[in-house]
Amino acid sequence: MVGSATLDWSRDRTKRLGQTLGLVRYLASEEMAFVNFSMTFLWAGSAYADSVVKIQSEILEPFFRNFLKHLSRQAKQITEVPASDRVVAVDHNSKDQHELEAGLECIETGMQESNSLRADADFDRSLAELSAARRLLQASTVRIAALQALLAPVLKWLGKQALGGAVAVAISAVIAILAKTFGIKIPTL
Amino acid sequence: MDDAAFEAFTEEYRDRVSDALRTGYKNFSSRLSDWLDLIDQSEVLATAARTLEEGFDFDA
Numbered sequence: 001m002v003g004s005a006t007l008d009w010s011r012d013r014t015k016r017l018g019q020t021l022g023l024v025r026y027l028a029s030e031e032m033a034f035v036n037f038s039m040t041f042l043w044a045g046s047a048y049a050d051s052v053v054k055i056q057s058e059i060l061e062p063f064f065r066n067f068l069k070h071l072s073r074q075a076k077q078i079t080e081v082p083a084s085d086r087v088v089a090v091d092h093n094s095k096d097q098h099e100l101e102a103g104l105e106c107i108e109t110g111m112q113e114s115n116s117l118r119a120d121a122d123f124d125r126s127l128a129e130l131s132a133a134r135r136l137l138q139a140s141t142v143r144i145a146a147l148q149a150l151l152a153p154v155l156k157w158l159g160k161q162a163l164g165g166a167v168a169v170a171i172s173a174v175i176a177i178l179a180k181t182f183g184i185k186i187p188t189l
Numbered sequence: 190m191d192d193a194a195f196e197a198f199t200e201e202y203r204d205r206v207s208d209a210l211r212t213g214y215k216n217f218s219s220r221l222s223d224w225l226d227l228i229d230q231s232e233v234l235a236t237a238a239r240t241l242e243e244g245f246d247f248d249a
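As they're listed, the protein sequences go chains A and B.
Just so you know, the numbering used here puts 57 at position 57 of the first sequence, and the rest follows in order with no gaps.
Just so you know, the numbering used here puts 225 at position 36 of the second sequence, and the rest follows in order with no gaps.
In case anyone wonders, no lab produced these hints; they're calculated from the structure.
A few of these clues could be false.
What the hints assert, rightly or not - Here are the simulated EDC-like pairs of lysine to aspartate or glutamate, each with C-alpha atoms no more than 16 Å apart in a straight line:
(1) K76(A) <-> D192(B)
(2) K156(A) <-> D122(A)
(3) K69(A) <-> E196(B)
As the list claims (entries may be wrong) - Rough simulated footprint, nothing fancy, chain B against chain A, three-plus residues with beta-carbon under 8 Å:
(4) 12-21
(5) 43-53
(6) 59-67
All values derive from a computational prediction rather than experimental measurement.
Here a beta-carbon is modelled for each residue, glycine too, at the ideal position from N, C-alpha and C.
One chain only, chain B, in its complex shape (with noise of 0.2 Å):
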């Protein structure tokens, strides 16, 4: 990716985060998915996230 790329990718990435840190518990969840979704978009920050270690079962 590109530092243009990247730098498109940033300004969208900063209007979803605002999104999500500013919605109330109504539409809380679909922030949080549009966010995740912009991740998704690109196989590079998709490869990027996945190279995190997710580790917690909210579940157990």
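Only chain A is shown next, with the shape it has when bound in the complex (with noise of 0.2 Å):
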């Protein structure tokens, strides 16, 4: 008979909110999704309105409640992860960020033009992986970890060497700016 398929929800709270969620995606997909769906699970009649209703009724209205439910538990879970585990944003736009960039460049070029941190082992390396993390800082978003894992060591290492100036200056800024956008604290220094 039409519409009087049965669905095989899980039994489990949260199993059966991301089936419904996999519901909402596909009825979201196609314009006429909810009439496969209608006549296959949830007959209403033939007309077009009432099936809509139905779903909207039925299965929808307590979704949608539940599902704010779970956002609001997870949203908290997400937001106590570890800051070094977290991918976040970057905002392109801000002041601190462009400080942020400015800085690296500044410690980027200042590196290259030191004829004494050139003479240390330690040098490319430590190049390689200040811009390897101004290239990471380029992407719409990053890994907290790898951009510590990358900035610390150059940080820590630079600030072991008897620099002055404009390059002092920048790092500076760049270890304040990283911890207050990023929460990434440099240590010893």
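Assemble the dimeric complex from its two separately framed chains, guided by the hints.
Structure, rendered in structure tokens:
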């Protein structure tokens, strides 16, 4: 009989929520998807409007309510994930981001122009790591752990060098912005 | 996501739910798409949505 097939909903509430989310994606995927669904599982008569009302009231209304509760719980848990495991958005229009990019550029240029740094055995690797970090920051999102792994050793190494002038100022600024924007703390500096 | 950001999201969420539950069949799929777009706009909430299992194959 039309519309009388049964859905194999999970008994687990969270899985059932996921199944309904899959149904929503299906219903959103094409204009007449609700007709296919209604004719198979939830027949409400030949009028399209009645089918939509039935889906809205019997499936979607409780789903939207329960899904918001799920998001609320999850949002709090995800927020509590350690900073180092997070992927965060890079706001390329923010003042801090501009200052961070400018600071890193200043440091990279200063490194390239410093004969004393060039003589150090760690120079090549440090320069490459700094360059890689700048490349990471060009993306729309960045993994905090990756950024920290690249920048912390370089900044610590630079901290041990006798640097002055614009590069020293840039290092301080970069460390401050990394802490403020990404929660990255550079220890021992 | 802090409480203020989630509160703002909740307000927008309720508006889009209202749109999806009150629309007729002609705009039904696009209203649901709008609702899904809202979830996907937030990295945190999109991740939360992905944690759910999506089990049905409607073409099967």
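Results of checking the hints against the structure:
no., hint, result
1, K76(A) <-> D192(B), "holds (9 Å)"
2, K156(A) <-> D122(A), "holds (12 Å)"
3, K69(A) <-> E196(B), "holds (12 Å)"
4, 12-21, "holds (count 6)"
5, 43-53, "holds (count 4)"
6, 59-67, "holds (count 3)"
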